[in-house]
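What follows is each chain in one-letter form.
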Amino acid sequence: MIRRLRRRIIAFARLTLVGLVVLYTLFPFYWAVVSSLKTSQALFDTAFLPLHPSLDNYSAALLPDLHAA
Amino acid sequence: MSAETPIAAQRKRAALLFVAPMVAALAAVAGWPLGRTIYFAFTDATLATIDAPRWIGLDNFVFLQHDPVWWQAIQNTLIFAFASVCMETLLGLLIALLLNAELRARGLLRAAVLVPWAIPTIVSAQLWRWMYNDLYGIVNAVLLALGAIKAPQAWTADPGLALAAVIMVDVWKTTPFMTLLILAALQMLPRDLYEAAHVDGVHPLWVFWGVTLPLIWPALMVAIAFRTLDALRVFDLIYVLTANSRETMSMSIYARQYLIEFQDVGIGSAAASLLFAVIALVVAVMATIGRVRLGDGEMSQ
Numbered sequence: 001m002i003r004r005l006r007r008r009i010i011a012f013a014r015l016t017l018v019g020l021v022v023l024y025t026l027f028p029f030y031w032a033v034v035s036s037l038k039t040s041q042a043l044f045d046t047a048f049l050p051l052h053p054s055l056d057n058y059s060a061a062l063l064p065d066l067h068a069a
Numbered sequence: 001m002s003a004e005t006p007i008a009a010q011r012k013r014a015a016l017l018f019v020a021p022m023v024a025a026l027a028a029v030a031g032w033p034l035g036r037t038i039y040f041a042f043t044d045a046t047l048a049t050i051d052a053p054r055w056i057g058l059d060n061f062v063f064l065q066h067d068p069v070w071w072q073a074i075q076n077t078l079i080f081a082f083a084s085v086c087m088e089t090l091l092g093l094l095i096a097l098l099l100n101a102e103l104r105a106r107g108l109l110r111a112a113v114l115v116p117w118a119i120p121t122i123v124s125a126q127l128w129r130w131m132y133n134d135l136y137g138i139v140n141a142v143l144l145a146l147g148a149i150k151a152p153q154a155w156t157a158d159p160g161l162a163l164a165a166v167i168m169v170d171v172w173k174t175t176p177f178m179t180l181l182i183l184a185a186l187q188m189l190p191r192d193l194y195e196a197a198h199v200d201g202v203h204p205l206w207v208f209w210g211v212t213l214p215l216i217w218p219a220l221m222v223a224i225a226f227r228t229l230d231a232l233r234v235f236d237l238i239y240v241l242t243a244n245s246r247e248t249m250s251m252s253i254y255a256r257q258y259l260i261e262f263q264d265v266g267i268g269s270a271a272a273s274l275l276f277a278v279i280a281l282v283v284a285v286m287a288t289i290g291r292v293r294l295g296d297g298e299m300s301q
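In order, the protein sequences belong to chains A and B. Under our numbering, the first sequence is numbered contiguously, ending at residue 69. Under our numbering, the second sequence is numbered contiguously, ending at residue 301.
In case anyone wonders, no lab produced these hints; they're calculated from the structure. No residue lacks a Cβ here, since even glycine has one placed at the ideal position from N, Cα and C. Mixed in with the good hints there might be a few duds.
In silico contact screen, one side only, chain A against chain B (beta carbon under 10 Å); selected entries [stated by the list, open to error]:
| id | residue |
| --- | --- |
| 1 | F12 |
| 2 | R14 |
| 3 | L15 |
| 4 | L17 |
| 5 | V18 |
| 6 | V22 |
| 7 | Y24 |
| 8 | L26 |
| 9 | P28 |
| 10 | W31 |
| 11 | A32 |
| 12 | S35 |
| 13 | T39 |
| 14 | T46 |
| 15 | D56 |
| 16 | Y58 |
Simulated restraints on C-beta separations [unchecked claim]:
| id | chain 1 | residue 1 | chain 2 | residue 2 | range |
| --- | --- | --- | --- | --- | --- |
| 17 | B | D134 | A | V22 | 26 to 32 Å |
| 18 | A | Q41 | B | F82 | 41 to 47 Å |
| 19 | A | R8 | B | K150 | 37 to 43 Å |
| 20 | B | A277 | A | D45 | 48 to 54 Å |
| 21 | B | I50 | A | S59 | 42 to 48 Å |
| 22 | A | S59 | B | G210 | 42 to 48 Å |
| 23 | A | V33 | B | L103 | 24 to 30 Å |
| 24 | A | H52 | B | D230 | 41 to 47 Å |
| 25 | B | M286 | A | A61 | 41 to 47 Å |
| 26 | B | V29 | A | T16 | 47 to 53 Å |
| 27 | B | L34 | A | H52 | 32 to 38 Å |
| 28 | B | A277 | A | F12 | 49 to 55 Å |
| 29 | A | A61 | B | L78 | 23 to 29 Å |
Selected chain A positions facing chain B (in silico; Cβ < 10 Å) [unchecked claim]:
| id | residue |
| --- | --- |
| 30 | T25 |
| 31 | F27 |
| 32 | F29 |
| 33 | F44 |
| 34 | F48 |
| 35 | L55 |
Between the sequences and the hints, there should be enough to build the whole structure, so can you do that?
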């Protein structure tokens, strides 16, 4: 009983650690994607989700002529 | 040695013939620029007068010796290399041990952990520059929310914080490299040693200290050597994050500033030559220490 409990605690701790490591390595990329979906005003707040996602930045990057006009 | 048979002599000649193209290529692409840089270090060459440099002896080195910015650059480079390599090794070892265990989606996890290393430094440095932003950066927002800091910090501009901030980005970026090399070493370890340790009821910490660490030591040393050499010539990461700021300037950035911005090829070359000398010195020290350790290992076997 105690052994099983111990094993579970270890498995849980390991999973938590793996989660932290993945969060640490991938968060900057997540943040880049979120920032890319924000409008230029929303860029300056630090909401973790793009509340009003827009593809403006992508169209500006892919179709510069359209935006210049 | 004096009584060389004709066949042995012929073999030697053939070997030299085969090596010659390689040596010629190396001399052309590595030897020539290096020799030119070292030569310019003793001249007053500028970008404008690069065709007719005048020999001025050690003047450039004397200038460097009296430039506090240069000494600061050396100090920054050494601190950067030492701190980042230490942290990357420890963190890489931890993550490698974690990922070496039986886990679901192990392959996917390994791929995910490798991502920071696969992205070009310029891109990831820009990502971090935005995250470090003093007004709109997520780093300040998160740390404020957690109560770790009282007021927003200018991470890359504050003289007391900039070098640490740069080191943290390097740790984030290059830990995957250490993880990868250590993980490869861990996978080569024979299972029966662990089974024996398990049967004997050895504590896991002792297994790590007595079995795992000695066995991965050679690979660990190679990884540390690679990283140290890489860290000593750091340029792009620091340049993107803090440009020519004195607080974080590395030796490479100093050399670039003199070569390109001040167009003083002589002083820039002197700085580059000294950087080369520092790296060569570190390689020599590491090779010596490495060989001593290797000898010990053979004795105990």
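Tested hints:
With its C-beta approaching chain B no nearer than about 13 Å, F12 of chain A sits outside the 10 Å limit, and its interface hint is violated. Annotation: R14 of chain A was flagged as interfacial toward chain B, and the flag holds, the nearest CB pair being 7 Å apart, inside 10 Å. Hint on L15 of chain A holds. Least Cβ distance to chain B is approximately 8 Å, under the 10 Å limit. Evaluation of the L17 of chain A hint against chain B yields a held restraint, the C-beta minimum of about 6 Å falling below 10 Å.
Using the Cβ-Cβ criterion of 10 Å, the hint placing V18 of chain A at the interface with chain B is satisfied: the shortest such distance is roughly 6 Å. The criterion of a C-beta within 10 Å of any C-beta in chain B is met by V22 of chain A, whose closest approach is roughly 6 Å, and the hint holds. With its C-beta approaching chain B no nearer than about 7 Å, Y24 of chain A sits inside the 10 Å limit, and its interface hint holds. Look at L26 of chain A: its Cβ gets to within about 6 Å of chain B, closer than 10 Å, so that hint holds up.
Hint status for P28 of chain A: holds, given a least beta-carbon distance of 5 Å to chain B, under 10 Å. Restraint check, W31 of chain A versus chain B: the minimum CB separation of about 6 Å is within 10 Å; hint holds. The interface hint given for A32 of chain A is met, as the beta carbon of that residue sits about 5 Å from the closest beta carbon of chain B, less than 10 Å. Taken as an interface hint, S35 of chain A checks out: its beta carbon lies about 7 Å from the nearest beta carbon of chain B, inside 10 Å.
Hint on T39 of chain A is violated. Least Cβ distance to chain B is approximately 14 Å, over the 10 Å limit. About 4 Å separates the beta-carbon of T46 of chain A from the nearest beta-carbon of chain B, less than 10 Å, and the hint is met. With 10 Å as the threshold, the beta carbon of D56 of chain A stays out of range of chain B, its nearest partner Cβ sitting at about 18 Å, so the hint is violated. At a threshold of 10 Å, the smallest CB-CB gap from Y58 of chain A to chain B is about 16 Å, leaving the interface hint violated.
Here the CB-CB span from D134 of chain B to V22 of chain A is close to 28 Å, well matched to the stated 26 to 32 Å. Checked against the hint of 41 to 47 Å, the pair Q41 of chain A and F82 of chain B passes, with Cβ atoms roughly 43 Å apart. The supplied range of 37 to 43 Å is met by R8 of chain A and K150 of chain B, whose beta-carbon atoms lie about 39 Å from each other. Range check, A277 of chain B to D45 of chain A: Cβ separation about 50 Å, and the 48 to 54 Å hint holds.
At roughly 46 Å, the beta carbons of I50 of chain B and S59 of chain A sit within the given window of 42 to 48 Å. Take S59 of chain A and G210 of chain B: their Cβ atoms lie about 60 Å apart, and the range 42 to 48 Å is violated. Here the CB-CB span from V33 of chain A to L103 of chain B is close to 25 Å, well matched to the stated 24 to 30 Å. Against the hinted window of 41 to 47 Å, the Cβ-Cβ separation of H52 of chain A and D230 of chain B comes to about 42 Å, which satisfies the hint.
Distance hint check for M286 of chain B and A61 of chain A: the Cβ-Cβ separation is about 44 Å, which falls inside the suggested range of 41 to 47 Å. A C-beta distance of roughly 49 Å is found between V29 of chain B and T16 of chain A, which places it inside the suggested range of 47 to 53 Å. Evaluation of the 32 to 38 Å hint for L34 of chain B and H52 of chain A yields a failure: the beta carbon distance comes to about 55 Å. For A277 of chain B and F12 of chain A, the hinted distance range of 49 to 55 Å is satisfied, since their beta carbons lie about 52 Å from each other.
Here the CB-CB span from A61 of chain A to L78 of chain B is close to 40 Å, at odds with the stated 23 to 29 Å. A least Cβ separation of about 5 Å between T25 of chain A and chain B falls short of the 10 Å threshold, and the interface hint therefore holds. Because the smallest distance between the Cβ of F27 of chain A and any Cβ of chain B comes to about 8 Å, under 10 Å, the interface hint for this residue holds. For F29 of chain A, the suggested interface contact is upheld, since its CB lies about 7 Å from the closest CB of chain B, less than 10 Å.
For F44 of chain A, the suggested interface contact is upheld, since its CB lies about 5 Å from the closest CB of chain B, less than 10 Å. Using the Cβ-Cβ criterion of 10 Å, the hint placing F48 of chain A at the interface with chain B is satisfied: the shortest such distance is roughly 8 Å. Interface restraint check for L55 of chain A: the shortest CB-CB distance to chain B comes to about 19 Å, outside 10 Å, so the restraint is violated.
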